[in-house]
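Enquirer: Residue numbers (numbering that gives the first Met the number 0), protein chains in the order written: chain H, 0 to 227; chain C, 0 to 225.
One or more hints might be untrue.
Residues on chain H that point at chain C, a partial pick, calculated with CB under 10 Å [to be verified]:
id	residue
1	Trp73
2	Trp120
3	Ile207
Away from chain H, derived, C-beta distances all over 12 Å, residues of chain C [claimed, not checked]:
id	residue
4	Gly6
5	Val37
6	Ala89
Computed from the model, here is a short list of chain H residues facing chain C with C-beta under 8 Å [as the list claims (entries may be wrong)]:
id	residue
7	Val128
8	Leu129
9	Gly133
10	Lys138
11	Val145
12	Val149
13	Gly150
14	Leu152
15	Asn153
16	Ile156
Quick caveat, the hints were computed from the structure, so don't treat them as lab data. A virtual CB, placed ideally from N, CA and C, is assigned to each residue, including glycine.
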Amino acid sequence: MRASTISRGLDLLALPLIAIGMALAFLYVPGERTMGDVQRIFYFHVPFAMSSFVGFAIVLVASLGYLKTRRDAWDVVAEAAAEVGFLCCTIVLLTGPVWARSAWGVWWTWDARLTTTLILWMVYAAYLVLRAYGAEDAKLKRYAAVLGIVGALNVPIVYFSVKWFRTQHPSSTFFTREGLPVPAMAFTLRFCLIAVLILFVTLLLKRIQVGKLEAERDQLRYELDARE
Amino acid sequence: MNAYLRGVFGVLRKDLRLEWRSREAMTAMAFFSLLVVVLFGFSFQTEKIDVRTTAPGLLWVAFSFSGVLGLNRSFSLERENGALRALMLAPLDRSAIFVGKMLSNLVMIGLVEALTVPLFSVLLRVPVLSCLPQLTLVTCLGTLGFAAVGTLLAGISSGSRMREVLLPLILYPIWIPILVASVEATGTVLSGKPLSEAGDWLTLIGVFDLVFLGVGFLFFEAVLEE
Chain H
0 MRASTISRGL DLLALPLIAI GMALAFLYVP GERTMGDVQR IFYFHVPFAM SSFVGFAIVL
60 VASLGYLKTR RDAWDVVAEA AAEVGFLCCT IVLLTGPVWA RSAWGVWWTW DARLTTTLIL
120 WMVYAAYLVL RAYGAEDAKL KRYAAVLGIV GALNVPIVYF SVKWFRTQHP SSTFFTREGL
180 PVPAMAFTLR FCLIAVLILF VTLLLKRIQV GKLEAERDQL RYELDARE
Chain C
0 MNAYLRGVFG VLRKDLRLEW RSREAMTAMA FFSLLVVVLF GFSFQTEKID VRTTAPGLLW
60 VAFSFSGVLG LNRSFSLERE NGALRALMLA PLDRSAIFVG KMLSNLVMIG LVEALTVPLF
120 SVLLRVPVLS CLPQLTLVTC LGTLGFAAVG TLLAGISSGS RMREVLLPLI LYPIWIPILV
180 ASVEATGTVL SGKPLSEAGD WLTLIGVFDL VFLGVGFLFF EAVLEE
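Isolated chain H (complex conformation) (with noise of 0.2 Å):
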């Protein structure tokens, strides 16, 4: 009862502060002097980046974990963990290219950040794909454990390796000493940071309770194939 009134709060929480990040980043923040309105983009693009990272590290632990115990529910938590961050990553990857349209001239270049990210919703992708393709139920748990902690763990190696090579795209402004220029775009930042996680813990919650009553439907099934 408790983690549903959790997740239902979460829900009427989520969506108008989305609304009011939403509202700061079109309308209270002050462009960007060079790159134009084009930049207001970058306030939900990051966040969604960091979230698709979070995705990623959660599936890692799910996994460790469900190996280690053979519980279900991290394999639920897994599961619900890679298909919300899919989503997110996907939504980098379509943000990104609006901007660098703007501002490179071209939808795509093959900089190191942007191949990351790309690897990255490959291997989320893989990991969708074994689950959908399947095997049988205690099998594909474990088989899906060990791909999440193989592409978990590349992921952060590619990430720094990234970092020897040049690349064209914007450093993490965010964390540097200097911060953004203007004090309200760090604070709109921040904002959308903040209603951009709520929103994946909302939608990880209730992939999860999906995922609950998906296990129990087949256990009734089962059971009730058993009696006939």
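Here the structure of chain H is known, so what remains is to put chain C in place on it, guided by the hints.
Expert: This is chain C only, laid out in the frame that chain H set:
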């Protein structure tokens, strides 16, 4: 430790003997490799473009495509007649089975690569003799990573409903980083520059090799248990 190594070599010897008697996988892989090189020759009009710039990529695409054939074969054999169950009943650590199968895949893919390189050099007129030792080193390092992660994931795909179809789908996204580094290092070597100029790329391949070997060593057990 000695018993462990004996287990590893036992699995390796079994796989290689099996392959030596049928030579099915190697023939398929080598022919497929040749086909990829020839397809490339036709589809990219190699008379007109500078093959030197595209050669490293082609070489690694041929390796990745033919490698998947070998990896799939290595496990589809085990799934026939319950051979895998027998292997699991053997008093061996599961990680020894991983290392043994990884080595047999490495040997087979390596041999096919050794056949592909001269063909590729002749057909696409890329001189390789002058940089053969360096090229061998780069290829071995890259292939080690391929065999490590490939053996682990082939164990997964062979137990799934889609079997052979699934392996490239789950393997290639994870293999891309090593592929990129291997292509870059091969490019450096083929253009006659010293190996040290590819140092960063080689380190990157090495890191991935270690991670994938470690993951396979630790988690192959979870893939095999029935």
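Enquirer: Each hint should be assessed against the structure and marked as holding or not.
Expert: Quick rundown of the hints versus the structure:
no.	hint	verdict
1	Trp73	13 Å, violated
2	Trp120	9 Å, holds
3	Ile207	22 Å, violated
4	Gly6	21 Å, holds
5	Val37	27 Å, holds
6	Ala89	20 Å, holds
7	Val128	5 Å, holds
8	Leu129	6 Å, holds
9	Gly133	5 Å, holds
10	Lys138	6 Å, holds
11	Val145	5 Å, holds
12	Val149	5 Å, holds
13	Gly150	6 Å, holds
14	Leu152	6 Å, holds
15	Asn153	5 Å, holds
16	Ile156	6 Å, holds
Consistency with the previously given hints fails for numbers 1 and 3, ordered from lowest to highest.
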